[in-house]
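Student: All chains should be modelled from the sequences, with the hints used to inform the complete structure.
Going by the working numbering, the first residue of the sequence shown is number -16, and it counts up by one from there.
In case anyone wonders, no lab produced these hints; they're calculated from the structure.
Treat the hints loosely; a few may be bogus.
Restraint-style ranges between C-beta atoms, simulated for each label pair [what the hints assert, rightly or not]:
id, residue 1, residue 2, range
1, Arg124, Lys78, 37 to 45 Å
2, Ala27, Glu(-16), 26 to 34 Å
3, Ala103, Glu140, 18 to 26 Å
4, Glu(-16), Arg5, 34 to 42 Å
5, Ala157, Thr73, 17 to 25 Å
6, Ser67, Thr139, 22 to 30 Å
It should be emphasised that the depicted structure is a prediction, and the values quoted were computed from it without experimental measurement.
Beta carbons: idealized from backbone N, C-alpha and C, even for Gly.
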Amino acid sequence: ERVIPKAVWDAVCDKETSPDGRLVIGLDVHPDRTSAAIAIADQAGRIELVENRTGVGWVADRVIELALKYGADVVIDSYGPASSMQSEITAGVAKRSITVHAYATRDMQQATAAFYDAVADKRLTIRQHDALDVAAAAARRRQTGDTWLWGRRTQTEDISPLIAATIAYHRATAPNTDELWMTY
-16 ERVIPKAVWD AVCDKETSPD GRLVIGLDVH PDRTSAAIAI ADQAGRIELV ENRTGVGWVA
44 DRVIELALKY GADVVIDSYG PASSMQSEIT AGVAKRSITV HAYATRDMQQ ATAAFYDAVA
104 DKRLTIRQHD ALDVAAAAAR RRQTGDTWLW GRRTQTEDIS PLIAATIAYH RATAPNTDEL
164 WMTY
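Tutor: Structure, rendered in structure tokens:
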């Protein structure tokens, strides 16, 4: 059973959407390291899957190239398969003051919930891409405490495009929480 119903997913997809302005790059790698996906998102909630290819040897160089071209920060799941590339990407973009954000489980929970809610409420737009359509259809939930994440372990299809889009969207549209301080 789909987590995101097809009609709901189709309502946020179009063939024309193109992120613009301040961009964020989301990266994810399939757990068996046979493929990887790179998505970009902007503050207005426009998302595009820009790369989805087999293998992972190409990924770090392509992320660095895109980050430098667009001055875009990068976000990865620090506990996911792409985490092994964090050091290389960080070193590749360091001279341009581009940040590589490593999301912990709590961040991934927030990103998944924010993305899911934005799809359900039609507050984002996704450039239609077959790999994203397949990932959205195949995605299942993985419980973590009282919330859930996109579950990778039981998937027969590659959901890395969906995870890359989820974290790019979250980082691009969330307030800069690194600079917020809670006072009591």
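Student: Taking the hints in turn, state whether each one holds.
Tutor: Going through the hints against the structure:
The hint said 37 to 45 Å for the Cβ distance between Arg124 and Lys78, and at roughly 40 Å that hint holds. Distance hint for Ala27 and Glu(-16): a CB-CB separation of about 31 Å, consistent with the stated range 26 to 34 Å. Separated by about 21 Å at the C-beta atoms, Ala103 and Glu140 satisfy the suggested range of 18 to 26 Å. Between Glu(-16) and Arg5 the Cβ separation comes to about 36 Å, which falls inside the hinted range of 34 to 42 Å.
One distance hint, 17 to 25 Å for the beta-carbon pair Ala157 and Thr73, holds here, with the actual separation near 20 Å. At roughly 24 Å, the beta-carbon separation of Ser67 and Thr139 lies within the given 22 to 30 Å, and the hint holds.
Comparing the model with each earlier hint shows no violations; every hint is respected.
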